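There are 2 protein chains.
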Amino acid sequence: MEVKEITNRDDDFAKWYTDVCMKADLVDYSSVKGSMIIRPLGYAIWEEMVHILDQKFKETGHENVQMPMFIPESLLNQEKEHVEGFAPEVAWVTYGGKEKLEERMCVRPTSEVLFCEHFKKIIHSYRDLPLLYNQWCTIVRWEKTTRPFLRSREILWQEGHTMHATEAEARQETLQMLEIYKNFQEEYLAMPVITGKKTNKEKFAGAEETYTIEAMMYDGYALQNGTSHYFGQHFAKAFGIEFVNKDNELATPYQTSWGVTTRMIGGLIMTHSDNNGLVLPPKIAPWKVIIIPIGDVDETLKALENQLKENNITYKVDNANKTPGFKFAEAEVKGYPIRVELGARDLKENKVTLVRRDTLTKMTIDFKNIIPTIQNLMVEMQNDMYNRALERRNSMIYEAHDYAEFCNIAQTKSGFIKVNWCGDEACENKIKADTTLKSRCLIADEEVDGNCVVCGQKALTKVYFGRQY
Amino acid sequence: MEVKEITNRDDDFAKWYTDVCMKADLVDYSSVKGSMIIRPLGYAIWEEMVHILDQKFKETGHENVQMPMFIPESLLNQEKEHVEGFAPEVAWVTYGGKEKLEERMCVRPTSEVLFCEHFKKIIHSYRDLPLLYNQWCTIVRWEKTTRPFLRSREILWQEGHTMHATEAEARQETLQMLEIYKNFQEEYLAMPVITGKKTNKEKFAGAEETYTIEAMMYDGYALQNGTSHYFGQHFAKAFGIEFVNKDNELATPYQTSWGVTTRMIGGLIMTHSDNNGLVLPPKIAPWKVIIIPIGDVDETLKALENQLKENNITYKVDNANKTPGFKFAEAEVKGYPIRVELGARDLKENKVTLVRRDTLTKMTIDFKNIIPTIQNLMVEMQNDMYNRALERRNSMIYEAHDYAEFCNIAQTKSGFIKVNWCGDEACENKIKADTTLKSRCLIADEEVDGNCVVCGQKALTKVYFGRQY
Numbered sequence: 099m100e101v102k103e104i105t106n107r108d109d110d111f112a113k114w115y116t117d118v119c120m121k122a123d124l125v126d127y128s129s130v131k132g133s134m135i136i137r138p139l140g141y142a143i144w145e146e147m148v149h150i151l152d153q154k155f156k157e158t159g160h161e162n163v164q165m166p167m168f169i170p171e172s173l174l175n176q177e178k179e180h181v182e183g184f185a186p187e188v189a190w191v192t193y194g195g196k197e198k199l200e201e202r203m204c205v206r207p208t209s210e211v212l213f214c215e216h217f218k219k220i221i222h223s224y225r226d227l228p229l230l231y232n233q234w235c236t237i238v239r240w241e242k243t244t245r246p247f248l249r250s251r252e253i254l255w256q257e258g259h260t261m262h263a264t265e266a267e268a269r270q271e272t273l274q275m276l277e278i279y280k281n282f283q284e285e286y287l288a289m290p291v292i293t294g295k296k297t298n299k300e301k302f303a304g305a306e307e308t309y310t311i312e313a314m315m316y317d318g319y320a321l322q323n324g325t326s327h328y329f330g331q332h333f334a335k336a337f338g339i340e341f342v343n344k345d346n347e348l349a350t351p352y353q354t355s356w357g358v359t360t361r362m363i364g365g366l367i368m369t370h371s372d373n374n375g376l377v378l379p380p381k382i383a384p385w386k387v388i389i390i391p392i393g394d395v396d397e398t399l400k401a402l403e404n405q406l407k408e409n410n411i412t413y414k415v416d417n418a419n420k421t422p423g424f425k426f427a428e429a430e431v432k433g434y435p436i437r438v439e440l441g442a443r444d445l446k447e448n449k450v451t452l453v454r455r456d457t458l459t460k461m462t463i464d465f466k467n468i469i470p471t472i473q474n475l476m477v478e479m480q481n482d483m484y485n486r487a488l489e490r491r492n493s494m495i496y497e498a499h500d501y502a503e504f505c506n507i508a509q510t511k512s513g514f515i516k517v518n519w520c521g522d523e524a525c526e527n528k529i530k531a532d533t534t535l536k537s538r539c540l541i542a543d544e545e546v547d548g549n550c551v552v553c554g555q556k557a558l559t560k561v562y563f564g565r566q567y
Numbered sequence: 099m100e101v102k103e104i105t106n107r108d109d110d111f112a113k114w115y116t117d118v119c120m121k122a123d124l125v126d127y128s129s130v131k132g133s134m135i136i137r138p139l140g141y142a143i144w145e146e147m148v149h150i151l152d153q154k155f156k157e158t159g160h161e162n163v164q165m166p167m168f169i170p171e172s173l174l175n176q177e178k179e180h181v182e183g184f185a186p187e188v189a190w191v192t193y194g195g196k197e198k199l200e201e202r203m204c205v206r207p208t209s210e211v212l213f214c215e216h217f218k219k220i221i222h223s224y225r226d227l228p229l230l231y232n233q234w235c236t237i238v239r240w241e242k243t244t245r246p247f248l249r250s251r252e253i254l255w256q257e258g259h260t261m262h263a264t265e266a267e268a269r270q271e272t273l274q275m276l277e278i279y280k281n282f283q284e285e286y287l288a289m290p291v292i293t294g295k296k297t298n299k300e301k302f303a304g305a306e307e308t309y310t311i312e313a314m315m316y317d318g319y320a321l322q323n324g325t326s327h328y329f330g331q332h333f334a335k336a337f338g339i340e341f342v343n344k345d346n347e348l349a350t351p352y353q354t355s356w357g358v359t360t361r362m363i364g365g366l367i368m369t370h371s372d373n374n375g376l377v378l379p380p381k382i383a384p385w386k387v388i389i390i391p392i393g394d395v396d397e398t399l400k401a402l403e404n405q406l407k408e409n410n411i412t413y414k415v416d417n418a419n420k421t422p423g424f425k426f427a428e429a430e431v432k433g434y435p436i437r438v439e440l441g442a443r444d445l446k447e448n449k450v451t452l453v454r455r456d457t458l459t460k461m462t463i464d465f466k467n468i469i470p471t472i473q474n475l476m477v478e479m480q481n482d483m484y485n486r487a488l489e490r491r492n493s494m495i496y497e498a499h500d501y502a503e504f505c506n507i508a509q510t511k512s513g514f515i516k517v518n519w520c521g522d523e524a525c526e527n528k529i530k531a532d533t534t535l536k537s538r539c540l541i542a543d544e545e546v547d548g549n550c551v552v553c554g555q556k557a558l559t560k561v562y563f564g565r566q567y
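Which chain is which? The protein sequence lines are Z and X, in order.
Under this note's numbering, the first residue of the first sequence carries the number 99, and numbering increases by one thereafter.
Under this note's numbering, the first residue of the second sequence carries the number 99, and numbering increases by one thereafter.
To be clear, the hints were calculated from the coordinates, so they are not data collected in a lab.
Some hints could be false.
One copy or two, either will do: identical chains are not told apart, so a pair holds if it fits within one copy or between any two.
To be verified - Mimicking EDC-like on lysine to aspartate or glutamate, the simulated pairs with C-alpha atoms at most 20 Å apart in a straight line are: (1) K381 with E397; (2) K131 with E201; (3) K218 with D123; (4) K156 with E145; (5) K407 with E523; (6) K407 with E157; (7) K301 with E187; (8) K381 with D126; (9) K218 with D317; (10) K156 with D416; (11) K420 with D226; (12) K242 with E201; (13) K420 with E145; (14) K156 with E408; (15) K156 with E146; (16) K198 with E171; (17) K407 with E497; (18) K198 with E241; (19) K335 with E103; (20) K449 with D394.
Here the structure is a predicted model, which means the values were calculated and not measured.
My request is simple: use the sequences and hints to build the entire structure.
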């Protein structure tokens, strides 16, 4: 629990990130290589995310289910592109106790094939559609290099899987879920995000279209922070899923899937945190307030606790046998949005000191105003955090008009680069080979007028490029 | 979705059970042998259980965390009794992608060793204690024969893991969690349960003492429906976990673990359900009310929905294009506690018909009284279900005074048999060999005066024996 120094964010961003994860007690390592232990504070943040998103999924008609965690090899093989995308990175179970399995099974890297097998059994008529399922679970992808929350062999996530009678409905679902993710990340995580379609090269193995949520981290790198896929009838045909439509004819349904993961916690940290540790937007912080009693303040403390409870403001009290200075630093490391310094001396004059975590601004107020002040501070802080992140992100979006300019920006700046693109994968590949930048997503809402930044042919679309986590 | 006939419960209890699970759409099978798909209604029941228990855990100071799902073989081997108990039934991961792992890992069958490794890192001082952790996750045990909810290769559960400075505190925690389980199952699941200590033979691999929750199913079989273990310093010593106590001396902490699983859903079914399908106690039913509109009742339906929402009574409306009769049967299969038949004809006289699921009693009441009537019915139904289950269970507890009587009861009756026991495992083994009955738990609160039912030596304790799931 000792608070050691966190590496300066501008000196070594990667080290700073790991330091914050460890010093804030969000995660720990174990002898299980590539996996992380999510500690109480980290898991409490995840629970907040789950709680809010789950409600949004249910409000839009989705039901939770739980599929098996294993996939027999033959089932994984049933959709060609999908297995090619995932087989190289799955964990294989080959023994049950002392017996070798007749067929090996992987731990699910994602569950499309399991859902498809089930859908084939339960979808018969248009009356069974739409089928709107979601599951919260752990998936496994055998990553070589891992980092807490960002890239891990085990990932906590949700995966939505839906089936629809018409293409239009399935496309609408894909975009609806993308919008839910976007709104959640902007409203609750105070993270501005860009949404758009992935290029063919970057789309999900087996999808017809992949839409992505792209956030920009403090260092200008992109974080793909959620995806929503439109499958068309791709999997449905591979699995022979059919239904009798309203005209009494056999038809093939249209499918989507969509997911977000604990990676969002990594995104939160790399967007808002600072050299003192974690900074959490009030709307996602499990505990909005940390109270640090100084001197004998038992009675006032009790009264304050009651007021906070009455107003549904979650809080913790730091009663440890440590100095106030130590506790202030600890409160900063752990990212409580508002620190209440409840001091016996201040209270004699009916005063109390509040500190907001993002700016570390201190204010001494009348104790009787504490609840409305906290409430206002939380709203203000949430807005300020979003606006600061938005401003920073916008200041790191560049536009390149020719390839020399592109390479120059890629070399000298960190951020997203907006370019015209002809749509040819060769040009996308050349950019990656020359600069390591990958396409983030297509830009749908800007008119295209110009030529591809790589080959000079007529451009079909605009695209963001960037380095990524 | 078609409602086929459910096997008569008294003809073939095992078949009846599976029929209810399938017809109520609680589960489905897949190509993943030994695992089940938990469908929306089954999962919604689990979510209710999780929600209530999680709150109780947090109220008693526990924090949620998430450990890795894999355990390297060498880590599992670190506690001898534990590995002997679990190694024969774990799933082994041997490949990551195309690469053979240097050390194979099992999917966690339970997580004591993972917690211990972590505890060793984070426990240093008495100030770090007690450490009260819980995790909600999936575990894997490679069972040969499986049944939905009761015995499955994959199990959703929670596992609490706590560390304490003193033996007394750890023992108190073990009993506190047992009590929380008992109260939850009696109050919410309307299942009377017996709690007590397991014999040495039946205790958890590595535990000093295992306390169990034993419920009796409709057929007289026992369901072990939760356990709470006191480990003493067993694991702590094997893992070298030490802390500096208040006297500034190195000491070894005392440990507990405790868990309940989706098995509780199986218990619910085998306690309360009937030949028409699922019967859910109102306090655990995800939707308390099913509304079946008959004729044009749109306006009243809207008003009723608003009233239910205002009163926090969850409900569903069956708007399918089917006959009322079909919908009544469907509502019974799915176990909604209260069915509201909202008929246009009844409404002309301001009447509405309610049916409670457990007794299928029908009552026609004034529409204006519908909310208080539903509220009262739910309380009544919850109590009645508990009392019926209690009466039934008590009527199936027998007492055997000598071994001939024991064998006779074991042959002719189903239920629990109470006996005097000398404490010798040989006598326990003889009972199992002769009758297949296993000890359920020791009876703590009855005076012992007599001789062992098997060997005739002086008895040390009373014990329940029974057949089990």
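Consistency of the hints with the structure:
1. With identical chains, the CA atoms of K381 and E397 are never at most 20 Å apart, being 29 Å at best within one copy and 38 Å at best between copies.
2. Taking identical chains as interchangeable, the C-alpha atoms of K131 and E201 lie at most 20 Å apart only when they sit on different chains, with a minimum of 11 Å there against 26 Å within one chain.
3. Proximity of K218 to D123 under the C-alpha cut-off of 20 Å is restricted to the inter-copy arrangement: shortest distance 15 Å between copies versus 45 Å within a copy.
4. In this assembly of identical chains, the alpha carbons of K156 and E145 lie at most 20 Å apart whether taken from the same copy (16 Å) or from different copies (13 Å).
5. For a Cα distance limit of 20 Å, the shortest separation of K407 from E523 qualifies neither inside one copy, at 57 Å, nor across copies, at 53 Å.
6. Taking the shortest alpha-carbon separations for K407 and E157, only the inter-copy value of 14 Å comes in at or below 20 Å, while the best intra-copy value is 27 Å.
7. For the homomeric pair K301 and E187, the shortest alpha-carbon distance inside one copy (17 Å) is at most 20 Å, but the shortest distance between copies (39 Å) is not.
8. Proximity of K381 and D126 under a CA criterion of 20 Å is satisfied in neither setting, with 25 Å inside one chain copy and 38 Å between copies.
9. In this homomeric assembly, K218 and D317 never come within 20 Å of each other (Cα to Cα): the closest approach is 46 Å inside a single copy and 35 Å across copies.
10. In this assembly of identical chains, the alpha carbons of K156 and D416 lie at most 20 Å apart only when taken from different copies (18 Å versus 36 Å within one copy).
11. Only between protomers do K420 and D226 lie at most 20 Å apart by alpha-carbon distance; the minimum there is 14 Å, versus 61 Å within a single protomer.
12. Taking the shortest Cα distances, K242 and E201 sit within 20 Å of each other only across copies (16 Å), while inside one copy they are farther apart (25 Å).
13. With identical chains, the CA atoms of K420 and E145 are never at most 20 Å apart, being 29 Å at best within one copy and 40 Å at best between copies.
14. In this assembly of identical chains, the alpha carbons of K156 and E408 lie at most 20 Å apart only when taken from different copies (19 Å versus 27 Å within one copy).
15. Within a single copy, K156 and E146 get their C-alpha atoms as close as 16 Å, and across copies as close as 14 Å, so both meet the 20 Å cut-off.
16. Proximity of K198 to E171 under the C-alpha cut-off of 20 Å is found in both arrangements, the shortest distances being 14 Å within a copy and 17 Å between copies.
17. In this homomeric assembly, K407 and E497 never come within 20 Å of each other (Cα to Cα): the closest approach is 50 Å inside a single copy and 52 Å across copies.
18. In this homomeric assembly, K198 and E241 come within 20 Å of each other (Cα to Cα) only across copies, at 14 Å, whereas the closest approach inside a single copy is 25 Å.
19. Neither within a single protomer nor between protomers do K335 and E103 lie at most 20 Å apart by alpha-carbon distance, with minima of 56 Å and 33 Å respectively.
20. In the homo-oligomer, the alpha carbons of K449 and D394 lie at most 20 Å apart inside one protomer (15 Å), although the nearest pairing across protomers, at 63 Å, exceeds that limit.
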